[in-house]
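S.K.: These are the residues of each chain, in order.
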Amino acid sequence: MNRARTTSLVALAASAAVVLAGCTATAPEAPDASTEPVSDGEFTLYSGRDEALIQPLIDLFEEQSGISVDVRYGNTAELGALLLEEGDRTPAQVFLSQDAGALGALANADLFAELPADITERVPQGFTSTDGSWVGVTGRARVIVYDSEKLTEDEVPSSVDAFAEPEWKGRFGIAPTNASFQAFVTAYRVLKGEEAADKWVAAIAENQPQIFENNRAVLAAVDDGVIEAGLINHYYWFQQAAEAGADNMRAQLSYPEAGDPGSIVNVTGAGLLASGADDADALEFIDFLVSSEAQQHFVDETYEYPLIEGVEAPEGLPALDSLLNPELDLADLESLEVTQDLLAKYGLI
Amino acid sequence: MSVIGVRRARRSGSRLASAPLALVLLAAVCALAAAIPLVYLVVRTADAGLAVLVDTLLRERVLRLAANSVLLAIAVTASCLVLGIAVAWVLSRVRMPAGRLGLLLTALPLAVPSYLAAYGWLVVFPTLNGFFPSWFVMTAVCTPYVALPVAAALRGASGDLEAVARTLGRNPFQGFVAATLPRVRPAATAGALLVCLYTLSDFGAVSMLRFQTLTWGINSAYGASFDRNQAAILALLLVVLALIVVAGERRTRGHVVAPAARPVPLIAPRRGLLPVFAAIVLAAPVVGVVVPVAGLLSRLLEAETIRTIDVGRLAEAIGTTLLLALAGAVVAVALALPIAALAARFRGRLVNAIESVGYLGHALPGIVVGLSLVFFSLAVVPALYQTVVVLVFAYAVLFMQKAIGSARSGIEAVPNGLIAVSRSLGLTASQTWWRVTARMAAPSIGVGALLVAIAVMKELPATLLLRPTGISTLSVELWNRTEIFEFGAAAPYAAALVLLAAVPAFVLSGVRGVAKEEEL
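First to last, the sequence lines map onto chains A and B. So for the first sequence, this note's numbering puts the first residue at 219; every next one is plus one. So for the second sequence, this note's numbering puts the first residue at 9; every next one is plus one.
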């Protein structure tokens with residue numbers, strides 16, 4: 219019974235702390251042991267992000283802090299489903315998520331403990347949770363990817379509205395079951411209203427886009443010349459360029475104009491699970507994720523936007539503030555179900 | 009528990025007899041293991057409530073997903089039956105150059121996970137998508153499930169009746185259809201059942217080739233909306249489809265009393281026909297193995313960053329995969345044997361129900377079975393959660409039907425006369441089982457174990473959910489690398505996985521058995 223053992227260990231450590239504190243003359247008042255985080259030198263992390271990306275960061279953290287991290291890698295959706303299934307019996311203390319949607323779903327299920335303000339304050343409003351249930355770690359911009367052999371940069375639309383026009387019929391691809399696409403459609407609804415969103419989705423469906431399972435598949439299809447353009451997240455291109463060589467990339471990126479729903483920035487983030495509420499090691503790790511060292515790692519390895527001050531965005535990307543949409547609060551993107559009903563209404567999912 | 013209605017099958021020619029209570033109980037317990045996912049799905053669906061259930065099932069999209077699943081399953085099963093029987097006939101009746109090699113090639117697609125086969129095709133033809141490519145790839149990957157057992161049955165079937173048919177003026181093909189086809193029917197339908205259930209539950213190929221089936225819907229319910237209840241409703245729909253398939257197979261299964269096998273003279277094909285026969289045999293291996301592997305290799309060469317292979321890690325993954333496959337096969341066979349023994353000798357509603365439940369796991373995508381065991385183990389044996397014990401048990405639940413079918417046909421083939429003789433010599437029922445039935449059925453039981461082992465090696469979603477933190481199989485490592493588009497780093501794991509799974513596939517092909525026969 220893992221949990222029972224953990225609980226008794228915590229209790230033991232807590233009572234030891236009380237005794238020690240009582241013995242010290244300079245600290246006449248014993249701290250309230252039940253709310254003070256306790257360190258036992260280890261914690262368990264569920265990572266919805268790739269091992270190749272996260273493990274170097276974990277190694278660094280372990281070396282610096284002396285805390286050992288048990289990491290379980292999986293994809294965000296599966297780990298989210300796993301955490302919902304495990305409920306308060308989860309062996310994990312921290313969840314690192316690929317997208318804000320999963321964090322929101324877990325927060326709605328009351329699985330997270332509130333994070334201390336000194337952690338959440340480091341990330342600007344608009345890129346993190348509004349209630350401190352989780353913290354944003356990196357930013358991901360929605361972009362248009364296009365086939366540079368068939369289109370010039372000028373011919374690429376500056377707004378996603380263009381794809382609703384008849385001239386784009388059958389020429390572009392989307393991944394409508396993908397969380398990032400649905401977040402974008404949700405943003406469209408929030409920014410332009412339900413009626414406009416309904417019209418846009420109807421016109422898109424009418425335009426017979428090629429349907430893909432995920433962003434990577436859209437990118438691959440553009441890079442292979444199967445479709446002329448597609449809607450994806452920015453870093454997929456950078457990652458593939460790093461693997462295949464930037465010069466070998468037929469697909470190129472274009473950034474929709476600021477204010478367009480097609481240019482929203484979504485975030486990855488981390489949350490402290492309720493079972494880890496008193497775990498100082500787990501907190502220290504989340505603190506580390508929003509340190510300049512970890513943020514720089516994400517910039518160098520994944521080409522994502524850093525979210526704290528003092529760390530520069532990857533080269534070649536428009537400044538993050540230029541993409542920040544003041545009219546959009548990420549918390550508003552929680553109405554995924556309405557979006558899915560809308561996409562289902564026109565047969566896109 | 010009542011055993012009323014459980015009767016010894018009439019076709020055995022013996023008096024009607026009730027199944028021993030102990031066997032029924034044992035089989036029922038094993039079936040309960042396979043029913044865990046069903047319990048979980050019912051709990052989740054109840055959680056959703058009737059209104060959501062009805063609303064979900066009536067959504068146009070859900071109906072379309074279900075129709076697509078059914079369409080693909082029927083198409084793949086039909087084409088696998090035709091191609092599989094044709095391949096088996098060529099391999100066992102025609103004098104082909106390098107005939108044994110043909111048998112080995114026929115088994116090879118078993119070693120290629122469906123997602124890998126689809127991926128390899130997409131590398132070569134990136135525009136592929138929808139029904140026809142899915143049909144194509146799934147047929148190639150699944151044909152061995154029909155071809156191998158039918159080829160084995162043909163080798164065992166006497167050619168006497170075919171000779172009779174030919175003296176009555178039939179050509180070799182007509183003779184085969186009239187005299188031999190009915191004899192391989194049980195093997196063919198058992199194989200077709202595996203194909204059909206596998207196609208219903210497959211997510212790897214259809215997700216790559218963008219054909220939206222129920223498994224696609226289930227995955228997007230988890231992935232996009234974190235709606236476990238909706239996923240459960242869709243999975244339950246899949247279960248209903250699977251039960252219809254299992255019931256259908258039982259009606260058409262048929263039964264043969266194995267006659268004394270006598271070698272059939274091989275036909276020397278006319279010159280012009282040789283390429284046709286070769287094409288029949290090579291179709292599935294080329295589509296299911298050669299093209300995908302070539303596609304992967306080309307991506308490997310394209311990748312600029314071929315990272316050095318971490319040999320230690322690769323070796324560890326191979327070791328873990330082997331041990332899990334072995335353990336999974338042993339447990340799956342242990343759970344399957346009582347069910348197979350019961351279904352082989354007795355009939356009745358209860359027996360049918362027990363056998364059908366045994367097939368459930370295979371009709372469900374791995375993620376559903378995985379989550380159901382998370383639910384189950386946390387509720388019942390939390391100490392074992394995220395240990396190898398639960399993982400191996402999950403493999404057994406997922407794949408025990410692969411062992412049930414072949415073990416059942418093996419046990420059925422043991423002549424009742426031999427059992428009667430054994431009993432008359434004073435051996436008890438259980439002594440007879442171990443000394444006669446189990447021994448004679450051992451090759452068929454072994455075939456089931458190998459099929460399970462191959463499936464375990466390729467399994468991904470349940471492994472991801474249930475493995476002990478820090479343990480990786482080849483398919484997990486492969487997933488790790490293809491997720492981030494590191495084809496250079498993924499290739500050694502893909503190669504190791506296909507090679508490792510090819511070993512049991514090689515044994516399954518019966519190449520060694522054929523070699524022995526030829527030496528006699």
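These aren't lab readings, by the way, just hints derived from the structure by calculation. Some hints here could point you the wrong way.
Taking lysine to aspartate or glutamate pairs in the DMTMM-like style, the calculated list, with each CA pair at most 20 Å apart, reads [unchecked claim]:
1) A/Lys563 <-> B/Asp63
2) A/Lys368 <-> A/Asp349
3) A/Lys368 <-> A/Asp465
4) A/Lys387 <-> A/Glu412
5) A/Lys410 <-> A/Glu475
6) A/Lys563 <-> B/Glu257
Just so we're clear, the structure is a prediction, and the values are computed from it rather than from any experiment.
S.K.: With reference to the structure, classify each hint as holding or not holding.
M.R.: Verification of the hints:
no. : hint                  : in the structure
1   : A/Lys563 <-> B/Asp63  : holds (14 Å)
2   : A/Lys368 <-> A/Asp349 : violated (46 Å)
3   : A/Lys368 <-> A/Asp465 : holds (17 Å)
4   : A/Lys387 <-> A/Glu412 : violated (23 Å)
5   : A/Lys410 <-> A/Glu475 : holds (15 Å)
6   : A/Lys563 <-> B/Glu257 : violated (37 Å)
The structure shown violates the earlier hints numbered 2, 4, 6.
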